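Engineer: First to last, the sequence lines map onto chains E and B. To convert, note that position 106 of the first sequence is 106 in the working numbering; the numbers rise steadily by one, no gaps. To convert, note that position 14 of the second sequence is 14 in the working numbering; the numbers rise steadily by one, no gaps.
I should point out that these hints are in silico values taken from the structure, not numbers from a laboratory. Here the structure is a predicted model, which means the values were calculated and not measured. Just to be clear, a hint being listed does not mean it is correct.
Result set (PhoX-like, lysine-lysine): computed pairs, CA atoms no more than 25 Å apart in a straight line [claimed, not checked]: (1) B:K103 <-> E:K57; (2) B:K5 <-> B:K56; (3) E:K57 <-> E:K78; (4) B:K103 <-> B:K5; (5) E:K57 <-> B:K56; (6) B:K56 <-> B:K68; (7) E:K11 <-> B:K103; (8) E:K78 <-> E:K14; (9) B:K103 <-> B:K71.
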Amino acid sequence: GAGVSQSPRYKVAKRGQDVALRCDPISGHVSLFWYQQALGQGPEFLTYFQNEAQLDKSGLPSDRFFAERPEGSVSTLKIQRTQQEDSAVYLCASNLPGLRGDTQYFGPGTRLTVL
Amino acid sequence: DQQVKQNSPSLSVQEGRISILNCDYTNSMFDYFLWYKKYPAEGPTFLISISSIKDKNEDGRFTVFLNKSAKHLSLHIVPSQPGDSAVYFCAAISGNTPLVFGKGTRLSVIA
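Taking the hints into account, I'd like the entire structure generated from these sequences.
Structural biologist: Quick look at the structure:
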């Protein structure tokens, strides 16, 4: 079956632009996670959804970052007024609820470069 | 403040030899530990995990060892193969908290 897909795979934005990154989780996966991976670092948790409910957004670095999952499937991570420090790979993962981290399936990521 | 530390950014090993990747953690509440493998332009994929109630878990060529008193775990790959060349991330969980990842170690297996 299809895995987690993300689009676009690469995005270049000028500083100050808004961007929207899309994640299509595995069909039937209730939980969805967003991570930010800066160059030379490991993935860092941003936010977590169970169906359409955003249960944890403690990792979002500023109020410029906003995530939604209105119908409990596709999710969008939006970054407003992008800054150079937002340059990173944004990873999405999905799984069934209540299971440990080994059952998280990751997408290939969107590489965002802010000039 | 890094709760999961992988102090070796890179490691080179001859094909057929053992690869040992190390990970240290500071949060004593972590109760589940995982290793993920990542190839370029792909997302991380789960490799092996261990619960804090165990000190060893083995899956084929991969073995993870946990030393809770030292807050240290290691991943052993034997024998190493060229296809094992990737970045390996150590990660940890406490209860239902999000995964906390280390910075990763790039393993190069030389034929």
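Engineer: For B:K103 and E:K57, compute the direct alpha-carbon distance and say whether it is at most 25 Å.
Structural biologist: Given pair B:K103, E:K57 holds - Cα atoms ~22 Å apart, limit 25 Å.
Engineer: Would the pair B:K103 and B:K5 pass a check requiring their Cα atoms to be no farther apart than 25 Å?
Structural biologist: Holds - the C-alpha atoms of B:K5 and B:K103 are around 7 Å apart, at most 25 Å.
Engineer: Is the straight-line distance between the alpha-carbon of E:K78 and that of E:K14 25 Å or less?
Structural biologist: Judged against 25 Å, a Cα distance of about 15 Å means the pair holds.
Engineer: Does B:K5 pair with B:K56 here, judged by a C-alpha cut-off of 25 Å?
Structural biologist: Given that 25 Å is the threshold and the Cα spacing comes to 20 Å, the pair holds.
Engineer: Mind checking the alpha carbons of B:K56 and B:K68 for me, to see if they're no more than 25 Å apart?
Structural biologist: holds (11 Å)
Engineer: Checking one constraint from the list: CA of B:K103 to CA of B:K71, max 25 Å. Satisfied?
Structural biologist: Roughly 17 Å separates the two Cα atoms, so the pair holds.
Engineer: Holds or violated: E:K57 with B:K56, Cα cutoff 25 Å?
Structural biologist: Violated, at roughly 34 Å.
Engineer: Given the hint that E:K11 pairs with B:K103, does the C-alpha gap stay at or below 25 Å?
Structural biologist: Distance of about 23 Å is within 25 Å: holds.
Engineer: Between E:K57 and E:K78, is the straight-line Cα distance small enough, at 25 Å or below?
Structural biologist: holds (13 Å)
Hint check: a violation occurs at hint 5 only; the rest are consistent with the structure.
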